[in-house]
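4 protein chains.
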Amino acid sequence: MNFRSDNVLGCPPEVLEAMARVNETPTHPYGNDPITARLGPLVSELFEHEAWVFPVSSGTAANGLALAAITPPWGAVFCHPLAHMLRDEWCAPEFFSGGARLLPADGAHAKIEPAALEARIRDTVYAAKPATVTVTQATEAGTVYQLDEVRAITDVARHAGLAGHMDGARFSNAVATLDCAPADLTWRAGVDALALGAAKNGTMTAEAVVVFRKDLAEQVAHRRKRAGHVSAKMRFLSAQLEAFFTNDLWLRNARAANLRARQLAEGLAACPGVRVVQPVEANLVFVAFPPAMTMALRARGFEFLDWPSLGEGVVRLVCGFSTREASVEALVEAAGGRGLAS
Amino acid sequence: MNFRSDNVLGCPPEVLEAMARVNETPTHPYGNDPITARLGPLVSELFEHEAWVFPVSSGTAANGLALAAITPPWGAVFCHPLAHMLRDEWCAPEFFSGGARLLPADGAHAKIEPAALEARIRDTVYAAKPATVTVTQATEAGTVYQLDEVRAITDVARHAGLAGHMDGARFSNAVATLDCAPADLTWRAGVDALALGAAKNGTMTAEAVVVFRKDLAEQVAHRRKRAGHVSAKMRFLSAQLEAFFTNDLWLRNARAANLRARQLAEGLAACPGVRVVQPVEANLVFVAFPPAMTMALRARGFEFLDWPSLGEGVVRLVCGFSTREASVEALVEAAGGRGLAS
Amino acid sequence: MNFRSDNVLGCPPEVLEAMARVNETPTHPYGNDPITARLGPLVSELFEHEAWVFPVSSGTAANGLALAAITPPWGAVFCHPLAHMLRDEWCAPEFFSGGARLLPADGAHAKIEPAALEARIRDTVYAAKPATVTVTQATEAGTVYQLDEVRAITDVARHAGLAGHMDGARFSNAVATLDCAPADLTWRAGVDALALGAAKNGTMTAEAVVVFRKDLAEQVAHRRKRAGHVSAKMRFLSAQLEAFFTNDLWLRNARAANLRARQLAEGLAACPGVRVVQPVEANLVFVAFPPAMTMALRARGFEFLDWPSLGEGVVRLVCGFSTREASVEALVEAAGGRGLAS
Amino acid sequence: MNFRSDNVLGCPPEVLEAMARVNETPTHPYGNDPITARLGPLVSELFEHEAWVFPVSSGTAANGLALAAITPPWGAVFCHPLAHMLRDEWCAPEFFSGGARLLPADGAHAKIEPAALEARIRDTVYAAKPATVTVTQATEAGTVYQLDEVRAITDVARHAGLAGHMDGARFSNAVATLDCAPADLTWRAGVDALALGAAKNGTMTAEAVVVFRKDLAEQVAHRRKRAGHVSAKMRFLSAQLEAFFTNDLWLRNARAANLRARQLAEGLAACPGVRVVQPVEANLVFVAFPPAMTMALRARGFEFLDWPSLGEGVVRLVCGFSTREASVEALVEAAGGRGLAS
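Residue numbers (the working numbering), protein chains in the order written: chain A, 50 to 391; chain B, 50 to 391; chain C, 50 to 391; chain D, 50 to 391.
One thing to keep in mind: the hints can contain errors.
[Unchecked claim] The following residues of chain C were derived to be distant from chain B, with all beta-carbon distances above 10 Å:
1. E99
2. R136
3. D137
4. E143
5. A149
6. G156
7. A165
8. D172
9. A177
10. K178
11. D204
12. K263
13. R311
14. S358
[As the list claims (entries may be wrong)] Reference excerpt, derived from the structure (chain A facing chain B, CB under 8 Å, subset only):
15. S54
16. P90
17. G108
Bear in mind the hints are in silico, worked out from the structure with no lab data behind them.
Keep in mind it's a predicted model, so treat the numbers as computed, not measured.
Cβ atoms here follow ideal geometry from the backbone N, Cα and C, with glycine treated the same way.
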């Protein structure tokens with residue numbers, strides 16, 4: 050049973066079927082096809098604002114393109130020390146932006162503290178031009194910024210002339226948790242460019258950049274093309290996203306994953322010696338097992354990653370859209386718990 | 050009937066089925082999966098040489114990554130004036146390489162003439178460091194370099210200390226035409242880094258970089274990651290490539306497309322007023338129709354692109370792996386021909 | 050006697066004295082000094098327009114920074130095939146711009162032909178975004194664009210939405226020849242960013258970027274800093290430029306150099322077997338000597354460079370601000386001439 | 050009296066005279082001159098090792114070029130949180146390296162603590178490839194790494210496969226303090242590439258990159274050219290450096306500056322309410338004045354910078370090669386001291 054990553058799962062039948070349907074009819078390449086043409090209106094309606102959508106094939110690309118559209122090569126990008134862009138993307142932000150710099154602004158539970166952001170901006174005088182703040186939603190610690198928390202950050206940002214970027218690798222999970230309008234979490238909250246994660250929550254390979262201004266859309270268009278992220282048969286990415294946003298599949302998937310994570314956390318919290326170390330607000334559970342238990346669980350076939358950046362002995366358990374209750378129950382029981390309450 | 054591009058077609062059932070199979074079982078993300086692990090040996094066997102394979106989602110990325118692995122940021126890359134990298138990739142070569150420069154070396158039928166390459170190298174003294182030659186195989190004009198033609202170019206290159214790059218967007222078609230070993234066309238002929246096109250010939254979105262030296266593999270690995278071309282669920286790209294190389298699907302597809310192009314060319318050559326303007330050696334046919342005929346054909350639903358770089362009034366007709374003989378026949382008849390000989 | 054380059058000469062006493070004066074008094078570093086502060090008004094007056102001046106220490110830097118201020122990383126920059134930026138700057142334009150591409154537009158005597166520019170722009174569809182045209186004034190062939198010639202080019206440029214860049218490595222010589230206002234040759238003619246050469250005409254190491262819009266000035270300021278072209282003791286560069294522009298030193302120097310070049314050309318034109326191959330409109334003379342004469346002249350200590358890009362056997366002879374009439378006379382006589390007419 | 054920066058001072062007569070001498074004779078441009086040719090042997094002798102020297106016109110350029118020669122675009126560069134490259138160079142390290150990332154490793158008195166470096170390397174798994182460590186010598190806090198301290202760091206570095214970079218903006222001051230061979234502080238201690246500061250200690254505008262391996266020299270040569278740091282009349286930079294290294298001018302200057310700093314520190318330490326906050330081991334003095342005193346001193350014409358990164362209310366006082374004892378005495382007295390002991 051694999052709790053290693055959201056990406057260990059494939060995609061639900063709706064997505065695969067949409068791709069198979071697209072396969073039946075020849076059409077124009079490079080995104081000049083009817084499926085891709087429908088994405089803009091679909092996402093604009095979802096976000097209650099004119100939006101430009103750019104399918105790409107990785108979250109790193111989505112983050113980098115969104116960032117580069119709003120950050121000059123000499124810009125400082127403020128992010129949490131645990132941000133995926135800072136810790137896991139192999140200098141992709143520098144590559145896409147042409148040399149911008151990520152600078153950490155700390156805060157509990159992987160959320161940037163507005164005061165820390167302010168201090169960091171003040172301290173960035175000759176290093177780089179303060180340009181952008183990026184928040185990850187849901188965060189790398191499995192927490193979710195409340196709407197007023199996002200706004201508190203983008204208020205500081207706007208005051209200092211910064212643009213707003215969101216790493217929405219788990220955007221769906223955050224929306225599901227907050228039960229808010231996507232607009233509330235993005236353009237209404239000062240987010241200019243969104244890397245909208247989809248693969249962790251049910252597409253096969255499609256992610257997207259979403260921007261809310263035409264000038265940014267032009268930036269993304271130019272940058273995506275020269276970065277080789279315009280797939281010749283883009284319609285197969287677009288079809289995944291269309292299926293993802295149709296009939297609330299994205300929300301249903303996210304709710305399912307979030308529910309499993311809550312169940313898992315509750316179950317594990319009741320296990321002797323097990324400590325849940327972060328609030329569980331999305332589909333990630335961070336726990337400290339006793340060392341022997343970690344080994345025992347792995348020996349029994351449970352897969353999960355060590356996560357030392359959140360503490361000695363901490364591991365990360367990820368639930369996905371298709372994680373079964375039985376798997377969660379099995380893990381809880383293996384950890385010495387009594388199964389799930391529900 | 051769509052003769053616009055190889056990319057208007059989808060993929061054959063083998064590819065879609067392979068993807069569906071992968072979808073059934075969770076496995077490790079980011080290419081650490083068994084499907085991707087099988088690709089190296091598979092391609093190494095095909096090329097009769099240890100080879101490193103990197104699935105990516107666009108030909109522009111494959112070209113750029115392969116190029117950057119062998120070219121310094123101050124390098125001159127010699128290419129044909131009609132090269133896709135020079136004419137169609139929106140400064141991607143510069144982006145991936147960090148600033149290298151493409152310099153044209155001319156020749157008939159979109160093939161670099163060795164003497165022109167030599168002259169161009171001699172003339173590049175303070176502009177950039179002569180670093181790389183790139184050949185497109187099959188070429189952008191639908192011709193195919195003979196093996197000795199490739200070697201004549203890479204001989205000049207080696208003598209001048211250049212590395213060899215191949216834009217193999219239609220590599221399959223060239224191999225099918227030459228009926229040679231893939232090795233003959235690549236490492237045995239001095240090609241260090243290959244952008245191996247697959248999407249034009251039957252994968253859904255997967256292309257690949259193939260290199261034949263470990264130091265280049267490390268370069269590609271680093272560069273692919275920071276360019277956002279490591280798809281989280283890379284196995285879905287790998288599965289496409291595995292299916293592509295299994296049971297000679299790639300060659301069968303290429304032979305089918307090449308055959309249709311030959312049929313089309315022969316049929317059109319017999320049409321009054323129609324002139325086939327390039328040798329037809331792969332799956333592309335370049336013809337000059339009388340202007341009225343161009344309009345009439347389009348009015349009847351035939352789709353194809355104007356191709357002025359090969360002459361006033363020239364259009365490009367592309368056959369793909371699934372182009373039907375009936376479509377070819379229909380086009381020939383609409384152009385005033387008597388149908389196909391065969 | 051050295052006719053190899055304008056850069057073989059040092060600087061006139063006014064420049065050295067200005068530097069010595071600056072050396073006497075401590076003052077603020079990084080350009081926050083009174084000498085640098087005076088440059089803006091001085092140059093603005095000279096150009097009859099608010100101008101921002103950025104001293105730098107090389108022409109390549111001046112060109113690159115001026116170019117990058119007006120060209121996106123995916124921009125096409127149209128230049129003459131003989132342009133210094135294309136032939137001699139080791140991919141600096143790509144480095145400064147972050148990946149833009151130089152594309153040649155031909156014309157006689159190293160001047161871009163407007164029709165050739167138009168054709169080139171039309172042909173640049175998927176390669177890069179047509180962004181900028183750059184003219185070299187005086188040209189690399191020693192000719193000078195007439196005012197209406199510059200305007201004809203920038204008219205095409207403006208119509209196509211391109212910005213205007215001038216490589217003014219020998220700007221002084223061109224102004225001296227045309228006897229026009231600097232404004233006529235720059236912002237009035239559609240030039241947005243000027244690399245203003247000074248070292249070839251009398252400063253020691255100082256060149257400058259000059260722009261006529263505040264948004265471009267901000268671009269240059271950011272880019273100059275991160276490129277390490279903000280000298281800590283910038284005042285020593287500024288002092289050179291101030292001396293250069295004071296009491297018409299720049300024009301007096303340019304006129305002197307131009308005069309010597311004309312004398313040289315006239316003298317050589319009268320020599321048997323010697324052919325002057327380009328109009329002599331600035332301080333450069335391109336001649337074809339009989340091969341034996343080239344060797345004989347070098348044996349007698351005359352230094353000059355072969356210039357094959359302007360023809361088999363062609364050499365370049367450069368006169369500078371301090372080239373003596375006696376040197377010119379000596380060369381003419383050594384080439385079999387009767388000395389100078391004047 | 051200006052204690053603001055080493056760069057407020059000009060250059061000693063030896064330097065100016067060397068430049069004036071160079072001005073007398075035309076010679077080859079772009080560094081192909083006899084003065085530049087002498088630099089290599091001169092510096093090689095000084096460093097007791099074959100060395101390649103590249104004059105440039107700013108410390109930022111020297112740092113960036115030296116760094117880029119040893120760091121790939123996806124490399125992590127470990128530096129102290131107070132490092133000039135991190136705090137003051139406007140993303141130049143990213144620009145020159147093509148996207149590498151600076152990551153802080155802390156330690157007291159602006160010196161990297163080896164254990165902190167080790168921890169930081171271990172923590173850099175997916176962010177970037179650990180590639181380089183850079184130490185500033187003397188440090189930004191005016192301290193000097195002892196030889197064994199440098200070696201302790203480069204030991205960690207070598208063990209982890211990192212290259213060694215030194216920001217030697219105040220290299221002279223450190224050598225003067227340690228009274229060691231330059232070799233001991235550089236290649237013998239594992240430093241591959243040195244940004245050798247000279248302008249802060251007596252040249253007018255010349256700084257230098259020094260490397261100790263031929264492959265790195267080639268890297269720097271290519272990179273310097275495309276970055277526009279090959280001055281056409283490079284001989285004027287080379288002449289400054291030659292004078293700097295002749296007759297121990299660099300060491301005499303550094304000793305003089307260091308002595309003044311010690312005098313200043315001793316004098317101020319005896320002033321009521323004044324606290325010297327860092328060990329004074331080079332030419333920088335960091336002190337905390339009572340706020341009223343800071344204002345009073347400035348009102349009396351003493352210039353110096355606030356330096357909040359070393360503590361609330363801290364200011365930086367810089368002595369240079371020509372700072373007079375009387376100036377130091379005046380400042381001490383104005384701060385309530387009794388003058389200098391010596």
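Consistency of the hints with the structure:
At roughly 33 Å, the least C-beta separation between E99 of chain C and chain B is larger than 10 Å, which holds for a residue marked as non-interface. A Cβ of chain B approaches the Cβ of R136 of chain C within 10 Å, the least distance being about 5 Å, so the stated non-interface status is violated. Non-interface call for D137 of chain C relative to chain B: violated, since the shortest CB-CB distance, roughly 4 Å, does not exceed 10 Å. Its closest Cβ contact with chain B, about 4 Å, brings E143 of chain C to no more than 10 Å, contrary to its assignment away from the interface.
Against the 10 Å criterion, A149 of chain C falls within the reach of chain B, whose nearest CB is about 7 Å from its own CB. At roughly 18 Å, the least C-beta separation between G156 of chain C and chain B is larger than 10 Å, which holds for a residue marked as non-interface. A165 of chain C, annotated as away from the interface, keeps every beta carbon of chain B farther than 10 Å; the closest lies near 15 Å. Consistency note on D172 of chain C: stated as away from chain B, yet its beta-carbon is not over 10 Å from all of that chain's, at 7 Å minimum.
For A177 of chain C, the requirement that its beta carbon stay farther than 10 Å from each beta carbon of chain B is not met, with the minimum near 5 Å. Consistency note on K178 of chain C: stated as away from chain B, yet its beta-carbon is not over 10 Å from all of that chain's, at 8 Å minimum. With 10 Å as the threshold on Cβ separation, the claim that D204 of chain C sits away from chain B holds: the shortest Cβ distance comes to roughly 24 Å. For K263 of chain C, the shortest C-beta to C-beta distance to chain B comes to about 28 Å, beyond the 10 Å cut-off, and the non-interface label holds.
Listed as outside the interface, R311 of chain C is consistent with that label: its C-beta sits roughly 28 Å from the nearest C-beta of chain B, beyond the 10 Å cut-off. The non-interface label for S358 of chain C is inconsistent with chain B: the shortest C-beta to C-beta separation is roughly 8 Å, within 10 Å. With 8 Å as the threshold, the beta carbon of S54 of chain A comes within range of chain B, its nearest partner Cβ sitting at about 5 Å, so the hint holds. Contact between P90 of chain A and chain B, as hinted, is not supported at the beta carbon level, the nearest pair being about 24 Å apart and thus beyond 8 Å.
Using the Cβ-Cβ criterion of 8 Å, the hint placing G108 of chain A at the interface with chain B is satisfied: the shortest such distance is roughly 7 Å.
Comparing the model with each earlier hint shows violations of hints 2, 3, 4, 5, 8, 9, 10, 14 and 16; every other hint is respected.
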